[in-house]
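Asker: With chain D fixed as given, assemble chain H onto it according to the hints.
The lines below spell out each chain.
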Amino acid sequence: NAGVTQTPKFQVLKTGQSMTLQCAQDMNHNSMYWYRQDPGMGLRLIYYSASEGTTDKGEVPNGYNVSRLNKREFSLRLESAAPSQTSVYFCASNRVSSYNEQFFGPGTRLTVL
Amino acid sequence: QKEVEQDPGPLSVPEGAIVSLNCTYSNSAFQYFMWYRQYSRKGPELLMYTYSSGNKEDGRFTAQVDKSSKYISLFIRDSQPSDSATYLCAMSSGGGADGLTFGKGTHLIIQP
Numbered sequence: 002n003a004g005v006t007q008t009p010k011f012q013v014l015k016t017g018q019s020m021t022l023q024c025a026q027d028m029n030h031n032s033m034y035w036y037r038q039d040p041g042m043g044l045r046l047i048y049y050s051a052s053e054g055t056t057d058k059g060e061v062p063n064g065y066n067v068s069r070l071n072k073r074e075f076s077l078r079l080e081s082a083a084p085s086q087t088s089v090y091f092c093a094s095n096r097v098s099s100y101n102e103q104f105f106g107p108g109t110r111l112t113v114l
Numbered sequence: 189q190k191e192v193e194q195d196p197g198p199l200s201v202p203e204g205a206i207v208s209l210n211c212t213y214s215n216s217a218f219q220y221f222m223w224y225r226q227y228s229r230k231g232p233e234l235l236m237y238t239y240s241s242g243n244k245e246d247g248r249f250t251a252q253v254d255k256s257s258k259y260i261s262l263f264i265r266d267s268q269p270s271d272s273a274t275y276l277c278a279m280s281s282g283g284g285a286d287g288l289t290f291g292k293g294t295h296l297i298i299q300p
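Chains as they are written, first to last, in the numbering used here: chain D, 2 to 114; chain H, 189 to 300.
The hints are simulated quantities; they were obtained by calculation from the structure and are not laboratory data.
Take these hints with a grain of salt, some might be off.
Residues from chain D shown here face chain H by an in silico Cβ test under 10 Å; the list is partial [stated by the list, open to error]:
#1 PRO9
#2 ASP27
#3 MET42
#4 GLU80
Here are the computed lysine-lysine pairs in the DSSO-like style, where the Cα-Cα straight-line distance is at most 30 Å [as the list claims (entries may be wrong)]:
#5 LYS190(H) x LYS244(H)
#6 LYS258(H) x LYS244(H)
#7 LYS255(H) x LYS190(H)
#8 LYS258(H) x LYS190(H)
#9 LYS58(D) x LYS15(D)
#10 LYS58(D) x LYS72(D)
#11 LYS72(D) x LYS10(D)
#12 LYS58(D) x LYS10(D)
#13 LYS58(D) x LYS258(H)
#14 LYS230(H) x LYS244(H)
#15 LYS15(D) x LYS230(H)
#16 LYS190(H) x LYS230(H)
#17 LYS58(D) x LYS255(H)
#18 LYS244(H) x LYS255(H)
#19 LYS58(D) x LYS230(H)
#20 LYS58(D) x LYS190(H)
#21 LYS230(H) x LYS10(D)
#22 LYS72(D) x LYS230(H)
Note that the Cβ used here is the ideal one computed from N, Cα and C, for glycine as well.
In isolation and in its complexed conformation, chain D is listed as follows (with noise of 0.2 Å):
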């Protein structure tokens, strides 16, 4: 199994340039996240599937799109990249157990010029 899985690993834009990140996983797990890490922030939860065919914003929801292809498959979408949106992008996923553990993929690094 390979787990968690996001392409690609690094990516640089420039301002107003859009793109997708792509998630998948090979876990059967019901629900997805995409949540951004910033040095001195912490993760933040952007938006998140609870299942096949349902999305809802997190925490810092504005500038981004998702789409829940499948059950195994979650992208993020940038429609038009800002430099306040250089980070480190992570994708998990949830068996949606009574503990809510998610386990992460490896992570994309975004900067935008």
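Answerer: Structure of chain H alone, referenced to chain D:
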């Protein structure tokens, strides 16, 4: 006041010492508590999870939750240089699909 407070460190201790890492929180609805370890430029790795108050032990790691004080701890016994990492506490009010609220993480250094 942020919902979850965690001292960023760095915390530097000699090899073999007992390490104590802590978080405080303000939201009394939090019931599920987790500790993650994150090595530099890697994703967070789940170490421990507990529900409500009490202790949980797994090898060299012990997690404690005191809901009356809104305080959680992670103890590492017989610390090793390989334990050097950033430790993140995380919590949620519900099980299931809720997102997690994280502390900022404590950078731990174990000196050989």
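Asker: Which of the listed hints are broken here?
Answerer: 1, 2, 4
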